[in-house]
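Respectively, the protein sequence lines represent chains V and E. Here my numbering is used: the first residue of the first sequence is 122, the next is one more, and so on. Here my numbering is used: the first residue of the second sequence is 27, the next is one more, and so on.
Calculated from the structure, these hints are not laboratory results. Think of the CB as a built atom: it goes at the ideal place given N, C-alpha and C, for glycine as much as any other residue. Check each hint, because a few of them may be wrong.
Said to hold, decoys possible - The following label-pair restraints were derived from C-beta to C-beta distances:
#	chain 1	residue 1	chain 2	residue 2	range
1	V	V218	E	I79	15 to 23 Å
2	E	A66	V	M132	15 to 23 Å
3	E	S43	V	Q129	23 to 31 Å
4	E	S91	V	D202	40 to 48 Å
5	V	D152	E	I79	45 to 53 Å
6	V	A192	E	S43	47 to 55 Å
7	V	E136	E	Q96	44 to 52 Å
8	V	S201	E	G122	24 to 32 Å
9	E	I79	V	E182	33 to 41 Å
10	E	S55	V	K176	21 to 29 Å
11	E	L109	V	E182	34 to 42 Å
To be verified - Beyond 12 Å from chain V on every Cβ pair, some chain E residues (computed):
#	residue
12	L37
13	Q39
14	E52
15	S55
16	Q88
17	N89
18	P95
19	Q96
20	Q99
21	D111
22	L137
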Amino acid sequence: AQTVTQSQPEMSVQEAETVTLSCTYDTSESDYYLFWYKQPPSRQMILVIRQEAYKQQNATENRFSVNFQKAAKSFSLKISDSQLGDAAMYFCALGGVGYTGGFKTIFGAGTRLFVKA
Amino acid sequence: SQTIHQWPATLVQPVGSPLSLECTVEGTSNPNLYWYRQAAGRGLQLLFYSVGIGQISSEVPQNLSASRPQDRQFILSSKKLLLSDSGFYLCAWSVGPSPVLFGPGTRLTVL
Chain V
122 AQTVTQSQPE MSVQEAETVT LSCTYDTSES DYYLFWYKQP PSRQMILVIR QEAYKQQNAT
182 ENRFSVNFQK AAKSFSLKIS DSQLGDAAMY FCALGGVGYT GGFKTIFGAG TRLFVKA
Chain E
27 SQTIHQWPAT LVQPVGSPLS LECTVEGTSN PNLYWYRQAA GRGLQLLFYS VGIGQISSEV
87 PQNLSASRPQ DRQFILSSKK LLLSDSGFYL CAWSVGPSPV LFGPGTRLTV L
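Start from the sequences, fold in the hints, and give me the full structure.
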């Protein structure tokens with residue numbers, strides 16, 4: 122079974138500082154995808170960044186970057202120069218082939234990020 | 027561009043009543059469709075996903091069911107709601123390995 126674990130229920134960061142959110146996963150698939158989503162108070166889910174498992178290079182999107190360690194099944198998100206608008210719930214997600222050949226995406230429990238002014 | 031609609035946005039229902047939540051996707055064809063539930067302050071639980079018309083995979087045994095009568099329509103139903111069915115229900119779609127994109131959600135309160 123595929124699982125996603127986010128061991129940090131809450132994190133806090135000072136504005137302009139850097140924070141890293143942790144995620145570990147488990148899958149028997151050799152080809153899969155990893156995502157980080159942000160859910161602000163509006164509850165709209167927003168894709169932050171994605172990583173294809175076959176790519177060794179870590180994905181980056183402006184102030185957001187990941188540290189993808191395939192052998193360790195670890196996928197952490199680093200937010201640089203944190204801004205007040207980064208305060209949200211962050212979900213790590215794993216996408217892979219589902220039981221009937223489709224593509225199934227499952228999510229971790231989330232990490233709530235607080236940004237202090 | 028692709029858009030995803032969910033309705034209703036908010037619903038308050040008594041215990042034992044039926045449920046029907048609808049989701050439609052525009053601007054894409056043959057998407058994978060998903061129903062997730064998010065309890066207050068919790069993560070997303072995958073309830074059902076569908077790779078095509080009439081094809082439903084259930085992830086969690088419960089009193090909910092899903093149907094996909096058309097390519098871009100996904101319906102979540104229940105014959106008798108329980109208190110534990112309260113939560114925020116999110117419909118989502120993807121095409122192959124692309125990231126899932128979410129609808130605005132339905133907040134369900136069962137009293």
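Going down the list of hints, with the structure as the test:
1. V/V218 to E/I79: 15 to 23 Å: holds, 20 Å
2. E/A66 to V/M132: 15 to 23 Å: holds, 20 Å
3. E/S43 to V/Q129: 23 to 31 Å: violated, 39 Å
4. E/S91 to V/D202: 40 to 48 Å: holds, 46 Å
5. V/D152 to E/I79: 45 to 53 Å: The hinted range 45 to 53 Å is violated for V/D152 and E/I79, with Cβ atoms some 26 Å apart.
6. V/A192 to E/S43: 47 to 55 Å: Once the Cβ atoms are compared, 50 Å apart, the range 47 to 55 Å for E/S43 and V/A192 holds.
7. V/E136 to E/Q96: 44 to 52 Å: holds, 47 Å
8. V/S201 to E/G122: 24 to 32 Å: For E/G122 against V/S201, whose Cβ atoms are near 31 Å apart, the range 24 to 32 Å holds.
9. E/I79 to V/E182: 33 to 41 Å: holds, 35 Å
10. E/S55 to V/K176: 21 to 29 Å: holds, 28 Å
11. E/L109 to V/E182: 34 to 42 Å: holds, 40 Å
12. L37: At about 15 Å from chain V, E/L37 clears the 12 Å cut-off, so the statement holds.
13. Q39: holds, 20 Å
14. E52: Consistent with the label, E/E52 stays out of reach of chain V, its closest Cβ about 17 Å off (over 12 Å).
15. S55: holds, 14 Å
16. Q88: holds, 17 Å
17. N89: holds, 22 Å
18. P95: Given that every Cβ of chain V is farther than 12 Å from that of E/P95, nearest at about 18 Å, it holds.
19. Q96: holds, 17 Å
20. Q99: holds, 17 Å
21. D111: holds, 18 Å
22. L137: holds, 21 Å
Violated hints, listed in ascending order, are 3 and 5; each of the other numbered hints is respected by the structure.
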